[in-house]
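First to last, the sequence lines map onto chains A and B.
Remember, the numbering used here sits 52 above the position in the first sequence when you count from 1.
Remember, the numbering used here sits 52 above the position in the second sequence when you count from 1.
Hint data in this document are derived by calculation from the structure and do not stem from the laboratory.
Please read these numbers as outputs of a predicted model, since none were measured by experiment.
Treat each hint with caution, since some may be false.
Facing chain A, a subset of chain B residues (Cβ under 8 Å, in silico) [said to hold, decoys possible]:
hint	residue
1	L125
2	T128
3	T138
4	V141
5	K142
6	K150
7	N151
8	G167
9	R169
10	Y171
11	K179
12	Y185
13	S210
14	S243
15	F246
16	R249
In silico negatives: residues of chain B with every beta carbon more than 12 Å from chain A [claimed, not checked]:
hint	residue
17	K109
18	S124
19	S172
20	L211
21	Q215
22	L265
23	H276
24	S289
25	S332
26	E497
27	Y505
All residues carry an ideal CB built from backbone N, CA and C; glycine is no exception.
Protein chains: 2
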Amino acid sequence: MSRDARVCVVGGGISGLSAIHRLLNDEHTPLAPEDVLLLEAQDYLGGRIRTDRTSSKIGKSYDLGASWFHDSLTNTVLKQCIKDGTFNVKDDGRFTDKNAKVFHNDEEKAIDLNGLRGYSVISELEKYIEHYYFEDIGMEDMSLQKIVSKYVDEFEDSLTEEQKKYVIPYIRHMESWMGLHWSDISAKYSSVDFEGRDIFNLKGFDFLVKKLLKDVPEERLIMHQQVKRIKVGENYSGRRVAVECASGLKVTCDYLVMTVPQSVLSLPSSHDYGIEWTPSLPSAVETAIQSVHFGKLGKCIFEFDNIWWDVEEDSFEILASANGPDTKQISPSEQHHDNTVPEVFSSHTTVYNLSSNNFTESNKGGALLILTSEPVTQYIESSPHLAWQYYKPALSKLSTPGASVTDPINVITSNWSQNPYIRGSYTALRVRDDPREIYLQLKREVPSSVPSYIRFAGEHTALDGNGCVHGAFCSGQEEASWILQNCK
Amino acid sequence: MSRDARVCVVGGGISGLSAIHRLLNDEHTPLAPEDVLLLEAQDYLGGRIRTDRTSSKIGKSYDLGASWFHDSLTNTVLKQCIKDGTFNVKDDGRFTDKNAKVFHNDEEKAIDLNGLRGYSVISELEKYIEHYYFEDIGMEDMSLQKIVSKYVDEFEDSLTEEQKKYVIPYIRHMESWMGLHWSDISAKYSSVDFEGRDIFNLKGFDFLVKKLLKDVPEERLIMHQQVKRIKVGENYSGRRVAVECASGLKVTCDYLVMTVPQSVLSLPSSHDYGIEWTPSLPSAVETAIQSVHFGKLGKCIFEFDNIWWDVEEDSFEILASANGPDTKQISPSEQHHDNTVPEVFSSHTTVYNLSSNNFTESNKGGALLILTSEPVTQYIESSPHLAWQYYKPALSKLSTPGASVTDPINVITSNWSQNPYIRGSYTALRVRDDPREIYLQLKREVPSSVPSYIRFAGEHTALDGNGCVHGAFCSGQEEASWILQNCK
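Looking at chain A on its own, in the form it has when it is part of the complex:
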């Protein structure tokens, strides 16, 4: 079986969809629907936007992938959605940024982070890390865990024992951004720019997918097509590129927009889910792709038939013991084959209260959303039935006086780490990674021997909005624009 088109988009996530949407709907487009094709490996569109509207037993829907508009001051996708009326901040958005109520693995009662003057300590620690690499970006990288120790050693006299125990571990909330354990997080690139409040998307991020699909004929989107091989530089039935799928489908085209995740791009071509390039990608590009990693942020949602936690709170952080055995040492990913739960609960846990009185609530019970990070994500996603056993000790701390912790009536987890087409959550930087090269190479900010008609898009190619919906969306639009300017 073979198909032909002027432009082929590989990947039906938000970057691929925004690319094909622009290709067909730009006011000056010379392309007709039959000129473009999109190949999606899986059985749904949206990629890491995935709104689950069916699993809930209490009438809710959940975004198992992206669920916040980040960087709301500068987020052009958000601004566009507000402008065209598809997203209304007051009705469809929620700010979930009260200071988290903080607990600690070793304590039953909440930690008064403000009373401990903790917020300024955390700000100072973040600034310390920034300074450490600011003067000389060439300084040897180290883990977030290690640089935190350095700070504590250096400012020993400015920290109380209580701050060391109950405030410093709060920095591990970064694990819930990156999906990595703090012993793996690059200190050099750990700082997260604040570009405006995050807006929790209450209507489900699939609205954005649906909005794009309205203007893209369904027959241009071919599902279940895992791309196995991309050939470039010879004549393929009059085209410059040939794309071969696992199904046997061959697509010839003149322009390719490659949006598969970095986690797939970085696989060896011999891998079951890897892609073989003929000729091989230049080694500078290969190296750039390998110079970042994929985090494994996951989601675990517990539904309960009653609410036994504080509905005033937006979120909770449960800090790990500093000295206790750590999930890192007793990595559940290494032992999940025998389905045992790690002996001691000691990872950092970020919990969002999906039943806060900030949300419009049914009276049908409540839900807690846990953001999981590596290695817990693999454990939970591979064994959702063990999730409650794993989290119960930590979550029990959240119970309000007089309320009894009840077992959940439903457990819903994401599956990103187990999904062979996704393989994690999004780009995240491990120790000694370098985020600049992949951008420079894939966005051609440096000379490249990859033919110019091979375009790359996706969150991993974005400088602004890296890892975010708007970064992915805009990267797709940019590549579409380039093709529109060059294909006339």
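For chain A, the structure is supplied; the task is to place chain B on it using the hints.
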């Protein structure tokens, strides 16, 4: 009367003292004590470091000028003092950075800023302002008050009515940094970099003055010498510079370190406290000096024989009504001649709890420290006896349940705005000011026709630590170093 020296330092504040200290104590100095002279206009040394150890009726001492080590991550003066044992953070310093307890002029009960998701709104507002000028520093400046209105208009839908009323005015805490009313604060330069936690200096900042004076022979410091005229470029008894004082004293020298405050430098030469330069300073330098202003941060300390506020709190912010008459309109500085208190209390008030349980406490009563800004500073400093009448309505909100507000047994205020040699607090940027020129001109980062043996120091010349002790201190050291390298 006349004196002669190789180097003359004008001004005995911390920058002048650090300059003369370095000149005499640098290990390679070619200068003997008789080679240097320092002229101080007032009857004490330290300038805007002024520790009052005598006024308290409850056994305390107060820094009426500088009282925090700012930027503690990068503050080299702090680091040096820790290293040489003159300052011990644990014993001599206090962190006063719990989130302030917030009140509002229109409400009796405290405002729950976190409950209103206020901290992230304030962060977003600050980021909005930063962004506004980041792309194009040439954008027309406006007041902090005006840009806040712009933000509120633009993000109308992302703000609740409560946030607009009770969170947005919190941004006026900046008035207590700058000593200016928010209708005067430059939006363009309103952002304050966080470079580590501020450390309240419990031992009194005069320790730093005393430390320097130990190594400077007293006879090299001439008090009560207000400089009136500086002549440069001819031969003055074999020297290159002649300095004339109001007392009639004439000093000839080869190098001049000019450390008088910007508020004095910027006076016309005809002014009673102005300085006449012969020849005149180049117009580029004159313009640069006029392109910044002096804030009028003041301090007002109330001592009480009992404590009726919450000793758990480090500080309080009492927010002004948005719509009520504002101190700006009924400027007390304009009416203080008849000693009336402004009709309605409506300025922003920052209060530090000098009796917090964070401090080592005598049992002799307690004290509250108010940071005042323009125009209230002039009012309070000129009429300390009216201070309680002015602040009582606001401060009464701080009383804990069951405690009665009592009148103070003592009122101590700073006098900076009334002191003709100081004329305010420190450099602050009003709308359309530009902080770059004064640095470039006075630190000779651009070609200057001022002879190189005329050096400028003081907080107003510092890029890092502008307005701070460490900025002033280091600027004095730098000029001393330059002279040491050039006078051999």
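Compare the structure with the hints numbered earlier in the document and write down the numbers of the violated ones, lowest to highest. 2, 3, 12, 14, 18, 19, 20 and 21
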